[in-house]
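Peer 1: The chain contents come next:
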Amino acid sequence: MSGTPHAVLAEGLRKTYGPTRALDGFDLAVPEGTVCGLLGPNGAGKTTAVRILATLLRADGGRATVAGFDVTRQAEQVRYRIGLTGQYAAVDDALTGVQNLQMFGRLFHLSKAAARARAEELLDRFGLTGAAHRKAGTYSGGMKRRLDLAAGLVLAPRVLFLDEPTTGLDPRNRNEVWSVVRSLVAGGTTVLLTTQYLDEADQLADRIAVMDAGRVIAEGTPAELKARIGGDQVDVVLRDATHLSEVAALLSRVTDGTPETDEDGFRVSAPVTGRAAALTGILRALDTAGIEVEDVAVRRPTLDEVFLRLTGRPTDEVTA
Amino acid sequence: MSTLPAPVIPTTPAARFRYAVADGWVVARRYLTHWVQEPGRIVAGLVFPGMMVLLFGYVFGSAMQVPGGGNYREFLMPGLFAMTMAMGIAVTVTAVVSDTSRGITDRFRSLPMARSAVVTGRSIADMVNSLLDLVVLLLCGLLVGWQWHNGPGSALAAVGLLLLLRFALVWVGIYLGLILPSPEAVTVVLAPVYPLTMIANTFVSPQQMPSWLGTLAEWNPLSATVTATRELFGNAGPAAGGSWVAENAMLMAVVWPAVLIAVFLPLSVRRYRRLSH
Ligand SMILES: Nc1ncnc2c1ncn2[C@@H]1O[C@H](COP(=O)(O)OP(=O)(O)OP(=O)(O)O)[C@@H](O)[C@H]1O
Ligand SMILES: [Mg+2]
Chain A
1 MSGTPHAVLA EGLRKTYGPT RALDGFDLAV PEGTVCGLLG PNGAGKTTAV
51 RILATLLRAD GGRATVAGFD VTRQAEQVRY RIGLTGQYAA VDDALTGVQN
101 LQMFGRLFHL SKAAARARAE ELLDRFGLTG AAHRKAGTYS GGMKRRLDLA
151 AGLVLAPRVL FLDEPTTGLD PRNRNEVWSV VRSLVAGGTT VLLTTQYLDE
201 ADQLADRIAV MDAGRVIAEG TPAELKARIG GDQVDVVLRD ATHLSEVAAL
251 LSRVTDGTPE TDEDGFRVSA PVTGRAAALT GILRALDTAG IEVEDVAVRR
301 PTLDEVFLRL TGRPTDEVTA
Chain B
1 MSTLPAPVIP TTPAARFRYA VADGWVVARR YLTHWVQEPG RIVAGLVFPG
51 MMVLLFGYVF GSAMQVPGGG NYREFLMPGL FAMTMAMGIA VTVTAVVSDT
101 SRGITDRFRS LPMARSAVVT GRSIADMVNS LLDLVVLLLC GLLVGWQWHN
151 GPGSALAAVG LLLLLRFALV WVGIYLGLIL PSPEAVTVVL APVYPLTMIA
201 NTFVSPQQMP SWLGTLAEWN PLSATVTATR ELFGNAGPAA GGSWVAENAM
251 LMAVVWPAVL IAVFLPLSVR RYRRLSH
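So the sequence lines, in the order shown, correspond to chains A and B. Read left to right, the first sequence gives residues 1 to 320 (the UniProt record's numbering). Read left to right, the second sequence gives residues 1 to 277 (the UniProt record's numbering).
For the record, the hints were derived by calculation from the structure and aren't laboratory data. Heads up, the beta-carbon is just placed ideally off N, CA and C, and yes, glycines get one too. Hints may contain errors.
Which bits of chain B does chain A cover? Going by a derived footprint, with three or more residues having C-beta under 8 Å, they are [to be verified]: (1) 15–26; (2) 34–40; (3) 96–108; (4) 111–118.
Taking CB as the label site, the calculated pair distances span [unchecked claim]: (5) A:G168 <-> B:L131: 38 to 46 Å; (6) B:V36 <-> A:E260: 56 to 64 Å; (7) A:L279 <-> B:S276: 46 to 54 Å; (8) B:P181 <-> A:P31: 38 to 46 Å; (9) A:G137 <-> B:L54: 32 to 40 Å.
Start from the sequences, fold in the hints, and give me the full structure.
Peer 2: Given below as structure tokens:
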């Protein structure tokens with residue numbers, strides 16, 4: 001390794017399951033101390049990539065190092081330096097919070113006393129001290145996720161893998177998880193996180209890699225990526241269908257992308273770059289044209305829209 | 001985080017072995033904690049054998065005839081011991097599948113623990129459980145008038161054979177647990193276990209069955225253990241009748257489990273390794 005040290009470096013990873021190419025030339029470089037968001041629709045290969053990097057799965061081709069160690073030949077060294085939180089909370093429901101963390105500490109070969117101390121420290125840090133002696137099975141989704149995260153942090157890993165850490169959580173629990181991830185990053189941990197939400201990658205990641213059909217199709221800082229995909233999305237909702245095409249023409253003039261028309265929802269959407277400026281421009285143009293609208297809103301593009309913009313086709317064709 | 005001690009990475013074979021034992025024990029402790037924390041399971045574990053003693057010892061038992069005469073409950077208890085050992089396979093399979101399907105096995109695999117610990121831990125826990133099951137059942141037996149007649153040495157040997165059967169089935173169970181895709185599949189696979197424990201000399205002598213079924217029952221690995229333990233405990237058993245397996249039950253009570261272990265232990269290890277493919 002030369003230049004800036006990479007906490008995660010993957011080159012040309014391949015993995016096939018029968019006819020499915022789960023990974024097909026996957027390249028990724030995550031500099032130490034940064035957060036990389038791996039964004040992709042269902043079946044893009046996010047979990048497969050994480051499992052290979054976390055030594056759970058062997059690639060059919062390509063190579064990868066994590067914390068400077070080869071994931072195949074030096075798997076044990078890698079395992080001492082990583083934390084993994086999978087797509088589903090993998091804690092023992094029948095054990096209490098403290099029992100769970102103590103067990104994982106022992107399996108990281110901490111002494112009994114050190115495992116105990118570490119368990120208490122982590123529970124405290126994750127706001128679970130009050131629930132330390134309750135079975136994990138009685139925890140809420142967010143608490144369980146936090147315990148799961150804590151279990152991945154027993155050894156203060158150099159690299160932390162988070163596979164869809166907030167999928168299935170309500171907004172409050174999602175915020176809890178986000179703040180935990182932020183505090184970890186402040187402590188210098190490198191994080192590779194997969195997500196299906198652009199919003200989440202935007203919130204947490206220094207760099208985002210967009211995956212499609214087993215490879216990274218776009219990579220950059222959230223700002224770079226947004227510039228490339230055309231930033232936010234504006235929705236103009238009308239009272240009825242009469243002015244739809246007129247509004248679409250108007251939007252294509254004042255915004256920087258091709259508008260999409262949803263005939264049934266009386267809605268026209270288009271990508272915009274500057275939120276406030278775009279909104280003012282659109283409202284002024286609508287006013288000048290004398291078109292009455294139900295609603296105008298600027299929002300983050302959905303993953304589907306990102307895909308449409310990057311690949312020119314919707315996400316549901318990806319796995320086909 | 002500053003207080004965190006540096007992990008010890010084992011390098012010598014001796015250190016690796018020590019860690020393999022320690023890790024296996026941590027995993028075993030996890031399962032034993034489950035067991036202790038769910039009193040429902042303990043009670044169920046006690047009630048089932050108790051019910052079986054009542055059902056077969058008294059309800060059906062009054063209509064049962066022991067070939068060559070003798071007390072049916074004396075004849076029955078070794079059958080129940082072995083049956084309980086065999087049914088233990090359900091515990092193993094269920095636990096393995098539930099860990100695999102809920103990502104716990106993957107989490108273990110992402111830790112720097114000994115690779116063997118997941119399976120050794122499971123087998124230690126199962127053996128401890130089975131020993132306790134057996135003790136409870138022996139006490140039940142004593143309560144209903146069953147006894148061992150050939151001294152404590154032979155009785156211990158019989159217990160050893162029963163645990164050997166259970167140990168062999170632990171490995172069959174781990175293998176099945178690793179190949180089954182979901183907890184739902186477990187029910188299907190385990191459905192035949194219960195009847196299979198009866199197509200043996202557990203409750204009646206195979207000589208009292210139609211000849212094809214009798215042959216099947218005689219060759220059931222369970223039968224060898226049952227006959228051998230009946231002999232060792234000195235409980236009334238069918239006079240060794242003709243067929244080779246029945247006459248060599250003591251030998252087969254060792255050979256059967258040995259064969260199962262020789263087949264399923266390497267298969268389980270291989271399958272566990274192949275989880276990363
Ligand atoms: N064990 C497996 N056997 C067969 N196919 C698999 C297996 N694991 C993954 N795949 C396939 O490989 C592809 C990539 O799967 P992967 O789980 O990595 O996607 P993902 O991006 O994590 O999706 P999701 O968002 O649904 O979690 C999919 O088409 C999936 O069906
Ligand atoms: Mg996934």
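Peer 1: Could you work out which of the previously given hints the structure breaks and list their numbers from low to high?
Peer 2: No hint contradicted; all consistent.
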